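So you can see what is in the structure, the chains are spelled out below.
Number of protein chains: 4
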Amino acid sequence: MLNVGVIGCGYWGPNIIRNFNAHDEVNLVSVCDKNAEALTKIKNLYPGIETCADALEITRSSKIDVVCVVTPVSTHYELALDALKNGKHVFVEKPFTATAAQAEELIELAGKKKLMIMVDHTFLFTSAVRKIKEVIDDGTMGKLYYYDSTRVNLGLFQHDVNVIWDLAPHDFSIMDYVLNKAPLAVSASGVGHVNEQEDIAYVMVYFQNNLVAHFNVNWLSPVKIRTTLIGGEKRMLVWNDLSPDEKIKIYDKGIDVGTTEGIHNLLVNYRSGDMWAPRVAQTEALKLEVDYFVDCLNEDKTPFNDGEAGLRIVKLLEACDKSIQNKNKMVSL
Amino acid sequence: MLNVGVIGCGYWGPNIIRNFNAHDEVNLVSVCDKNAEALTKIKNLYPGIETCADALEITRSSKIDVVCVVTPVSTHYELALDALKNGKHVFVEKPFTATAAQAEELIELAGKKKLMIMVDHTFLFTSAVRKIKEVIDDGTMGKLYYYDSTRVNLGLFQHDVNVIWDLAPHDFSIMDYVLNKAPLAVSASGVGHVNEQEDIAYVMVYFQNNLVAHFNVNWLSPVKIRTTLIGGEKRMLVWNDLSPDEKIKIYDKGIDVGTTEGIHNLLVNYRSGDMWAPRVAQTEALKLEVDYFVDCLNEDKTPFNDGEAGLRIVKLLEACDKSIQNKNKMVSL
Amino acid sequence: MLNVGVIGCGYWGPNIIRNFNAHDEVNLVSVCDKNAEALTKIKNLYPGIETCADALEITRSSKIDVVCVVTPVSTHYELALDALKNGKHVFVEKPFTATAAQAEELIELAGKKKLMIMVDHTFLFTSAVRKIKEVIDDGTMGKLYYYDSTRVNLGLFQHDVNVIWDLAPHDFSIMDYVLNKAPLAVSASGVGHVNEQEDIAYVMVYFQNNLVAHFNVNWLSPVKIRTTLIGGEKRMLVWNDLSPDEKIKIYDKGIDVGTTEGIHNLLVNYRSGDMWAPRVAQTEALKLEVDYFVDCLNEDKTPFNDGEAGLRIVKLLEACDKSIQNKNKMVSL
Amino acid sequence: MLNVGVIGCGYWGPNIIRNFNAHDEVNLVSVCDKNAEALTKIKNLYPGIETCADALEITRSSKIDVVCVVTPVSTHYELALDALKNGKHVFVEKPFTATAAQAEELIELAGKKKLMIMVDHTFLFTSAVRKIKEVIDDGTMGKLYYYDSTRVNLGLFQHDVNVIWDLAPHDFSIMDYVLNKAPLAVSASGVGHVNEQEDIAYVMVYFQNNLVAHFNVNWLSPVKIRTTLIGGEKRMLVWNDLSPDEKIKIYDKGIDVGTTEGIHNLLVNYRSGDMWAPRVAQTEALKLEVDYFVDCLNEDKTPFNDGEAGLRIVKLLEACDKSIQNKNKMVSL
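So the sequences go chain by chain: A, B, C and D. Residues 469 to 801 in my numbering are what the first sequence lists, from first letter to last. Residues 469 to 801 in my numbering are what the second sequence lists, from first letter to last. Residues 469 to 801 in my numbering are what the third sequence lists, from first letter to last. Residues 469 to 801 in my numbering are what the fourth sequence lists, from first letter to last.
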């Protein structure tokens, strides 16, 4: 049995608690939050779980093997550090840390102490993202041209981070996972209308061979959009995460470039074929992630969403900040 | 009666010809194209119209008062210049010219010779764009936050211009018209996968008071998208030009920012109200534009889509090129 | 405090239990089901609630004031009868009973014993249905022309009833509520492909003044559709219950009939105006219904969804059966 | 060369004229209409075509081999009869005739005189309908369960026919073509709100083996819907004719019925698989139909949309009228 403690019981914490608690090989020992009301709700749902207001009771508990850090990003480093120092494995909410330096320090410490870090990039456990990775990896898409993501809605305003740190970690982690390539540079633009932090932003990520990724994140949109287009040489894909039944559509569409007869006579033919919407299973992603967490510990495997994966995302976020501060300048990675 | 000649009979030319020809006060005298087949089609449809292969027969004809230039952009300057020199009013396809310098020269010449320039920013004559301008101008939207446009589809590849020069003139002219503000700066990113010219690009335009405009133009999208979001303090608007019946939706949604109690206690309340889709008439925009062209000549009015309007768009396009060449650098206007 | 017992813990029962249990003035005493596994789940969620396998322990319990009957329709009569005989108020799942005669008997008994019957027509407590009733009642729609409902999807097959008894009670109760008119006749067609019971059916309900209602119910549709069109003289309405944000759209569209100049010269003009999507709140309907149930008991009010309302729906269902057995014959009510 | 005359220049006539005129082997001799304005438009577009106001000038012209009857249905019989009597082949707008008896008389006469009748069931020449027929005929769909069509919009009111005679001929001819089965019976309901003719109607058509077809036709709908669902044992299909790119979606969905363990223990499993949207070409259907007409004449073939096909549709329409007059009674065919 794994003995697990959870720090943080806000928006996402109850889902972490529910899924760890439901796992057969997990004993959810204790939950911590400064908000007494949040703890009361947990007590009502799970009378057997202890609660506390001081995170150190979790990170330093002798009864706990694993600490889940589900707090605002500004506290991730301190809490994860204390947990690792006390010999606990950590499951950390995304984004991993507030700076790349913090992430690197945690990774080094975990390495020394042979402890596991998993960063909660939940989307990587959805059937939709798995299917996208599959059709990229097996060559169905062909050489990739672009990755274009839109994640906009009204709110939720965070007090401690801007819209990029709030929304883009989802998309950066998905891009990192499905493209599996090292980005060369980042540029970002953003403005804040409600307070000093950006509530609307656009990010470009540049890769080799002219592959580009673009991210539109916005807290001030009247409509909710969760759409990603991926263009490849052989096929093109649209992922609409809000579609109940047809989340992924793969188009047998594209262009065939013929022999150029001189610079102004490029022969471009359009291909227009069938569209195919593969069935996407509806399992809860977080359940699969918790299963995977336990498996990795049991079998002493390094998870693909480890500290390094978390660090890659934090580096992208830092580069965005730097680009915005420098008027949209391209920042090398 | 206005005697009109049309140079260029490619994709858009036949629409220009049809609409000028249908106007009661227009006598469509002559059509010019290098492609004999295109001219034959015109002859079959309109046996009374003369045709020719040499544009100078139009620009220098003593029987013609107005020259429509519906050719590739690289030829606009030369043809419009010759027409103006020969005392003709000109109706020029968008984008107006290949460089701002060319546009300025044409504007100056027309001014001296008291001739009219109209640039064919057709979208400004659609009921949808008129309605958007109306709700911005009458205060319905409140202070504006952002303008976010997506115009993507598969093809049509132009040989002589990149995707920005092909698709963005539509959106730049609409933005120029409905916002009616002078942009401060531009940044743009783009890559070319099919040939050396950009086929995917993203453009930011910066205004005072943190108002930003963003443009996503792409020739390599499997799906056709023609959507613009406009966020305002009071209301937000979605324009989906592909929707047959509900092109414009206005949302009584937004945020109300309360008194801040300290820097980390911003009170943000979300407003969620009704949505309203005003009826948008379905008159052909180009017909209205041709009517307006004739009216302006008859009443000696300066059209709002004059050479200056065309120049503003060309300056934005030039700034995009400069930004792409300088790695996405912000280019002041 | 109201002491409540619930019989039936299948698909819908847990929602009844959750909502009654959450009400401040309710003491949820006991839950009954023949399935031990279902009871264990309830025990885990609500350790304080008693469970039992014999429904009579609920209907005859001296500790219980209200019995919720959430079992298959074939058992409603017997269980509600026993509960009423033992002086309990009843909250009965829809459809109320398997026959109109049963419903009448229960209504009579409740009347004699001054006990309350509420039939769980949950949809009548949704904001969408409330809004529809509002725009009909306040004259926004004008004289009504038709009510046209489609409720189709793949499954869920019931063993004991056909697709009409399974799906149409929702729509019949909504129609009954928003139209508030007595139907004159019913006709129905249906076929069964999977077993002897109808899995596809179409129902017409006829009212005075040529008002008609039509219902398309189907367990064999590849796509889920939940759409109702209501046509009125002044306005027309589309209710798409699957739309997350724009469930109700009201169209200022219609026809204006002018003076007829002879029988073949009817002057029909089409009106095409704005569309308006009123905000629809997202409160849980069942919570509002349980609140209403408690209010009605406290204030000794007769609920609008009482036994009589339940009986009206059962009469429609019986008429459908009769029409199908008589080759789609119109059955008077 | 075929010498063709066209009677009727209203809504659809100009399309017939355009397509026959464009055919290489057709000489479009003359067009007839009582409306002088309509003829003037034709003259302007096609100066070489003769015009006349008297249909007999067409049906009795010695210069004409083929007469196209594109007039209101009440006149089809008389005009086609006169054309056939005078030795012309006929191309008749749908519905073929106002009564089955008229259709039978025309078929008999054409047979005797070895003349061809083609009824303009244009939809049978669309790529979408062709694809539907293909997946039914090749077994992709499996045994068919139902055909469910919705064709509703605001207007167009016909003065001489009801909504069934106006809209359902499209759907009846498509059903007749893709199912290729003889219907057993028809029932229909309808009401008229604007004048005495039905403007809203619902039709059921019954086939062997419990296959049913249902048609919802309505002139009073605020939204335009053109959707057909076809359910089969192996696959299910949705045809949305208003979708620009994905008109046909084929779902690998359905049910697998297991061994029944007693009457109340039917084992029904749901299959949920991929969805596939085959590419549907965008050729103009009427062009293909005119090509086919000429081919049939050249090669002395009997068209599949011959007088018999037209008659089958008229019989269905007559049965609808009879059922409505008899309170929705099932009418055997």
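Quick caveat, the hints were computed from the structure, so don't treat them as lab data. Treat the hints with care, since some could be wrong.
No distinction is drawn between identical chains; accordingly, a pair holds when it is met within one copy or between any pair of copies.
[Said to hold, decoys possible] Straight-line Cα separation of at most 30 Å, DSSO-like style, residue types lysine-lysine; simulated pairs:
1) K797 / K783
2) K599 / K797
3) K795 / K702
4) K599 / K511
5) K702 / K511
6) K511 / K611
7) K509 / K580
8) K511 / K692
9) K755 / K692
Quick caveat: nothing in here was measured; it's all calculated off a predicted structure.
Here is how each hint holds up against the structure:
| no. | hint | in the structure |
| --- | --- | --- |
| 1 | K797 / K783 | both (16 Å within a copy, 21 Å between copies) |
| 2 | K599 / K797 | neither (34 Å within a copy, 36 Å between copies) |
| 3 | K795 / K702 | between (36 Å within a copy, 28 Å between copies) |
| 4 | K599 / K511 | neither (38 Å within a copy, 38 Å between copies) |
| 5 | K702 / K511 | neither (54 Å within a copy, 42 Å between copies) |
| 6 | K511 / K611 | neither (52 Å within a copy, 47 Å between copies) |
| 7 | K509 / K580 | neither (38 Å within a copy, 43 Å between copies) |
| 8 | K511 / K692 | neither (34 Å within a copy, 38 Å between copies) |
| 9 | K755 / K692 | both (25 Å within a copy, 27 Å between copies) |
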